[in-house]
Structure formats: structure tokens, C-alpha cells
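Each chain, letter by letter, is given below.
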Amino acid sequence: MCVESHLRELIEQGFEVAVVKDATAAPKHPEWGYGYEAALINFAYLAHAVLKTDQVLKAMAAS
Amino acid sequence: MKINNTDTAVLFIDPQNEVLSEKGKAWPLLHESLKENNTIENMERIFKAAKALDFHVFISPHYFFPTDKGWKFNGPLETEEFDSSLFARKGVLNLDGLIGSGADWLERWQDHRRFAASGVGAGNQRPRASASQTSNQQDYSWRNAREYVRRIPSARIDRTGV
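Just so you know, the sequences run in chain order A and B. Going by the working numbering, the first residue of the first sequence is number 1, and it counts up by one from there. Going by the working numbering, the first residue of the second sequence is number 64, and it counts up by one from there.
None of these hints come from the bench; they were simulated from the model. Just so it is clear, the structure is predicted and the values come from calculations on it, not from any experiment. It is possible that some hints are incorrect.
As the list claims (entries may be wrong) - Okay, derived cross-link-like pairs now, DSSO-like style, lysine-lysine, Cα gap no bigger than 27 Å in a straight line:
1. B:Lys-114 x B:Lys-98
2. A:Lys-28 x B:Lys-114
3. A:Lys-28 x B:Lys-88
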């Protein structure tokens with residue numbers, strides 16, 4: 001929820017945003033479900049890139 | 064998307080005890096996900112790479128202040144967060160009780176506070192875990208920086224320049 005809120009806000013402000021999906025986590029709530037599953041879908045719809053930590057480290061090192 | 068240290072920053076969101084420490088109030092809901100993703104270790108790897116490769120780092124911590132209890136209604140998640148005093152602090156300019164609390168940084172990242180502040184131009188020789196350092200950490204996060212400006216009557220944001 002918090003990551004997605006930042007993602008949406010930053011996109012609205014004109015940034016390109018990549019989310020490192022395995023550097024996040026989400027609650028498993030008994031009634032509301034696993035927030036991470038919803039987050040992954042919305043990351044895919046919203047973010048300019050959805051990466052794993054290994055990928056982002058490689059991209060940072062290559063820059 | 065191109066990534067480079069001239070125009071790409073690393074943003075860390077809520078790197079705090081409440082969600083990442085087994086002592087945190089949200090741990091029962093989060094620990095399985097943290098383990099499955101290896102979240103804490105991965106965040107730390109990115110912290111270290113950002114430091115080594117000279118990327119700017121921004122921190123956006125989550126805090127609730129007493130004034131936040133003035134809302135007439137909240138969504139389900141915020142209702143739970145208020146009921147359990149998640150991320151609670153005593154006041155925007157009050158650091159009493161912050162050190163080591165659920166709202167504070169995860170203990171293993173205490174040293175990264177200094178790094179995060181230094182990443183945006185502050186001195187990097189501040190004493191570890193001091194109140195002033197925590198204040199700096201808050202002020203330099205992008206979200207709180209904006210709130211900080213808004214709270215000071217004499218400060219002005221030049222919107223045309225934003």
C-alpha cells in the first residue's frame with residue numbers, strides 16, 4: 001500500500017518510476033487477503049519497470 | 064527505463080521497526096512476506112550499492128502524530144493503524160521516545176541514517192542515533208520535506224519553479 005502510494009504520487013509528478021518488487025513486502029490479512037498479490041498487479045499496470053533486486057543492482061553497476 | 068546516478072535516485076519507504084522488526088506491531092501480518100521476498104536483505108543490498116555507486120538516496124518514513132487522530136473517518140487499514148498506534152510519534156517537532164520505538168529505523172540500519180542524510184548534502188559526521196540526526200532524516204525525505212516547508216509560515220514554495 002505504501003509503495004504503491006509513492007509510485008502513484010511520483011508518476012503524477014512526472015517521474016519515471018521503477019519498483020524493486022522483492023525489496024518490498026505486504027500484509028497477509030485474514031480478511032482482506034495478501035496485499036502483495038494486488039500490489040504486483042498494480043505495479044505492472046503503473047510502474048515504468050518492475051525489477052528484482054538482482055536486476056536493479058546490475059543496472060546500477062552498469063550505469 | 065535507463066538507470067544512472069546522474070538522474071536516478073533510490074527511494075526507501077518505511078524502513079522502520081514497526082514493519083521490519085519482529086518487535087514491530089505489524090510483524091505478525093508481514094513476516095511471511097518479508098521472508099518470502101527476502102525483503103530486508105534486498106533493501107540492504109540496494110542501500111550498499113547506492114552508497115558504493117554514488118546514487119542519491121531518499122527516505123520516506125511513515126509517522127502518525129496526535130493531530131492525525133482528528134480525522135472523522137478512516138479507511139480500514141488506517142483505522143487498524145490508529146487503533147494500534149502504529150508508527151506513532153508524540154509530535155511533529157517532538158522526538159521524545161522515538162529512538163528504538165516502532166517508528167524508528169530498523170536497528171541494523173542505524174548507520175545508514177547518516178548515509179541517507181549525507182546523500183543529499185548534509186554533513187556525514189553526525190553522532191549516531193542522536194535526536195538531531197533523526198530530525199535530519201525526517202527533513203530530508205521528500206514527503207516530509209514538503210510538509211516541513213508547509214508548516215513554517217515564513218517558508219514559501221515557488222510553485223513556478225517546481
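Structure-based check of all given hints:
| no. | hint | result |
| --- | --- | --- |
| 1 | B:Lys-114 x B:Lys-98 | holds (25 Å) |
| 2 | A:Lys-28 x B:Lys-114 | violated (32 Å) |
| 3 | A:Lys-28 x B:Lys-88 | holds (14 Å) |
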